[in-house]
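Chain order of the listed sequences is A and B.
With the numbering used here applied, the first sequence covers 2 to 370.
With the numbering used here applied, the second sequence covers 2 to 370.
It should be emphasised that the hints constitute simulated quantities derived from the structure, not laboratory data.
Wrong hints could be hidden among the right ones.
Which copy is meant is left open, so a pair is good if it fits within one copy or across any two.
[Said to hold, decoys possible] Restricting the straight-line Cα-Cα distance to at most 35 Å, the calculated cross-link-like pairs of lysine-lysine (DSBU-like) are: (1) Lys367 - Lys128; (2) Lys49 - Lys367; (3) Lys286 - Lys244; (4) Lys320 - Lys237.
2 protein chains.
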Amino acid sequence: MASNFNPTPRILMGPGPSDAHPRVLKAMSSPLMGHLDPEFVGMMDEVKSMVQQTLLTKNHLTFVVSAPGTAGMETCLVNLLEPGDECIICVNGVFGGRMVDIAGRCGAIVHRIDTPWGEVTSPEQLKTALDKCPQPKLVALVHAETSTGACQPLEEISDMVHNAGSLLVVDAVTSYCGVPLKVDEWGIDALYSGTQKCLSAPPGLSPVTFSERAVNALENRKTKVQSWFLDLSLVKNYWAGAKRAYHHTAPVSSVYALREALALVLEEGLENRWARHQKVHQGLKAELEALGFKYLVDEKYRLPNLNSVILPEGLDEAKLRRQLLDDFNIEVGGGLGDFAGKIWRIGIMGESCTMNHVNMLIGALKQIM
Amino acid sequence: MASNFNPTPRILMGPGPSDAHPRVLKAMSSPLMGHLDPEFVGMMDEVKSMVQQTLLTKNHLTFVVSAPGTAGMETCLVNLLEPGDECIICVNGVFGGRMVDIAGRCGAIVHRIDTPWGEVTSPEQLKTALDKCPQPKLVALVHAETSTGACQPLEEISDMVHNAGSLLVVDAVTSYCGVPLKVDEWGIDALYSGTQKCLSAPPGLSPVTFSERAVNALENRKTKVQSWFLDLSLVKNYWAGAKRAYHHTAPVSSVYALREALALVLEEGLENRWARHQKVHQGLKAELEALGFKYLVDEKYRLPNLNSVILPEGLDEAKLRRQLLDDFNIEVGGGLGDFAGKIWRIGIMGESCTMNHVNMLIGALKQIM
Numbered sequence: 002m003a004s005n006f007n008p009t010p011r012i013l014m015g016p017g018p019s020d021a022h023p024r025v026l027k028a029m030s031s032p033l034m035g036h037l038d039p040e041f042v043g044m045m046d047e048v049k050s051m052v053q054q055t056l057l058t059k060n061h062l063t064f065v066v067s068a069p070g071t072a073g074m075e076t077c078l079v080n081l082l083e084p085g086d087e088c089i090i091c092v093n094g095v096f097g098g099r100m101v102d103i104a105g106r107c108g109a110i111v112h113r114i115d116t117p118w119g120e121v122t123s124p125e126q127l128k129t130a131l132d133k134c135p136q137p138k139l140v141a142l143v144h145a146e147t148s149t150g151a152c153q154p155l156e157e158i159s160d161m162v163h164n165a166g167s168l169l170v171v172d173a174v175t176s177y178c179g180v181p182l183k184v185d186e187w188g189i190d191a192l193y194s195g196t197q198k199c200l201s202a203p204p205g206l207s208p209v210t211f212s213e214r215a216v217n218a219l220e221n222r223k224t225k226v227q228s229w230f231l232d233l234s235l236v237k238n239y240w241a242g243a244k245r246a247y248h249h250t251a252p253v254s255s256v257y258a259l260r261e262a263l264a265l266v267l268e269e270g271l272e273n274r275w276a277r278h279q280k281v282h283q284g285l286k287a288e289l290e291a292l293g294f295k296y297l298v299d300e301k302y303r304l305p306n307l308n309s310v311i312l313p314e315g316l317d318e319a320k321l322r323r324q325l326l327d328d329f330n331i332e333v334g335g336g337l338g339d340f341a342g343k344i345w346r347i348g349i350m351g352e353s354c355t356m357n358h359v360n361m362l363i364g365a366l367k368q369i370m
Numbered sequence: 002m003a004s005n006f007n008p009t010p011r012i013l014m015g016p017g018p019s020d021a022h023p024r025v026l027k028a029m030s031s032p033l034m035g036h037l038d039p040e041f042v043g044m045m046d047e048v049k050s051m052v053q054q055t056l057l058t059k060n061h062l063t064f065v066v067s068a069p070g071t072a073g074m075e076t077c078l079v080n081l082l083e084p085g086d087e088c089i090i091c092v093n094g095v096f097g098g099r100m101v102d103i104a105g106r107c108g109a110i111v112h113r114i115d116t117p118w119g120e121v122t123s124p125e126q127l128k129t130a131l132d133k134c135p136q137p138k139l140v141a142l143v144h145a146e147t148s149t150g151a152c153q154p155l156e157e158i159s160d161m162v163h164n165a166g167s168l169l170v171v172d173a174v175t176s177y178c179g180v181p182l183k184v185d186e187w188g189i190d191a192l193y194s195g196t197q198k199c200l201s202a203p204p205g206l207s208p209v210t211f212s213e214r215a216v217n218a219l220e221n222r223k224t225k226v227q228s229w230f231l232d233l234s235l236v237k238n239y240w241a242g243a244k245r246a247y248h249h250t251a252p253v254s255s256v257y258a259l260r261e262a263l264a265l266v267l268e269e270g271l272e273n274r275w276a277r278h279q280k281v282h283q284g285l286k287a288e289l290e291a292l293g294f295k296y297l298v299d300e301k302y303r304l305p306n307l308n309s310v311i312l313p314e315g316l317d318e319a320k321l322r323r324q325l326l327d328d329f330n331i332e333v334g335g336g337l338g339d340f341a342g343k344i345w346r347i348g349i350m351g352e353s354c355t356m357n358h359v360n361m362l363i364g365a366l367k368q369i370m
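Required output: the full structure, derived from the provided sequences and hints.
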């Protein structure tokens, strides 16, 4: 027989999930309704409109994939790439590398632009790649690399991509609702995000959006999309059809939570939310630097919401991280890949982005360091 | 600005989701924890063990796909099929047809056995198919066809499949925790289910299990699995590795809910739960037949938990169904595909399987028919 259900309350300051607002948790506990219930269909429309507002886009094909951000990534790539298509993928961390893997599984010819982890891809690098491959189907970048804390500038690159007649695909899992992200203004053609970062909803859903140009590419595919579950020609009739067609069963409770989290973002205002992340970041940064932590990413490209820091010398990062969790119930993230054992990733995202969180973390660190 | 969040409480008697137990809803509202938190990793182990117990299997590769049942279906097929593989898929409703579509997208050569909707595939039909294709990689069937309410006998077919040296793949989305389902005893090699049917957890997750034979097939693949998100060679290290490897972010809150729903099943006892579904079905059946409804499926192959019934003549099914929803907050399902507009699918699944539910529905029907 299973023991009682008593998860320990944690303070979530890792790379996600972040703390959820009580209103979001309360929404999750509402009794379920059918996913084809007219009231739920209305809620799907409402969620779609709220995702459009928070992504600053008018894209009609905007909806939420019923699976985590990685499935959003796969949705963008399997729908836009066909076997033999050429694409350019910029890799400066785990998630760019993941895109390369997925694009390869689509049968695409992948040209990668490799940049040291913690840095960002430059327009010059893209120019060199476009010289070799002048008309890729798409160019993909990670806006906010969750593995390094680097924020990729997109505007100049967007122009280059469109001048080449290509589509701009962007991973915005960690940037969405935390730092400026302007889908229409920046000319992003396909974008996926997650719910458990600066949106502070539970993990499990991936908001996505596709521009007219991207929809045009979808409509001109010669082959079937290799995934049935993620095939937009089918999914779009579930989320955005004139008459809803059954495709799969949407995760009703998670959509409730997402709806409430999006309402909180709109109540705060996107610009206020971006400013809050920047302000709390400044407070955290001052305290961390005073303790001897060093930022991994150059200030110019530093994400405010995901603070990647190198620990002061002589500290056992795993032990210290475990102590934070066991003695203070505070979670911070370790490094991934080459950075495993070397850095911490401290998230101040959404509801976890308050000076109270900073003070709890810094206070605890002062006691155990 | 979004309106307040006030979903109307419904009585869920359609094909899923079913009503959730208050303990499940309460679990969903627990504060989140990190998906790599040692406590959450422990919960994943616990969930895995509970899924094994409820599926009556010792399969080591048993876990939960972080997406709805359709993604579970795709997980089984994309991992077991490679381009050029032959397979036999039995189609007697929507979900068999969906498997054919997915297997085709895997590049497999699909031999379909078509049976009229509402009936089940016979051993003789399989024999004929095996005469034409004597060594398929796998044979796939739907145990409980959600679109028709038919329950497919599996034991005799399982022997035939294994004698052919093939793998038996089973869709158990609607049967799991509602009717007898014995993975090891019946020799099922790969199985996927859903959470929102007889388990009465929210939709969004898909419990799956793979036998040693299936694992052997996975290990002998010559090509990469076409989906990164569903690639078991990667996912298994997240759910079942000696050292947990980050793959994606599990939907933490949904796992909480699933854990509590599984605890409720184990507290009730599987056999008691099967008996309850059968008993309430008998009560519902007597009442429906008295009102002039006729069952679609022959009694021998009838699912107790999903009652597919043809409406008495002269009734407008869509109008009546809408009246049930609007005036009584009761959801029943309409027909899919060829049965759209002709049948109702009345679910008495999990927490929705009580005589109180039957009495509410029958009472409402008597008032509006």
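Hint-by-hint comparison with the structure:
no.: 1; hint: Lys367 - Lys128; in the structure: neither (47 Å within a copy, 72 Å between copies)
no.: 2; hint: Lys49 - Lys367; in the structure: neither (44 Å within a copy, 39 Å between copies)
no.: 3; hint: Lys286 - Lys244; in the structure: between (51 Å within a copy, 33 Å between copies)
no.: 4; hint: Lys320 - Lys237; in the structure: between (47 Å within a copy, 27 Å between copies)
Comparing the model with each numbered hint stated earlier shows that hints 1, 2 do not hold.
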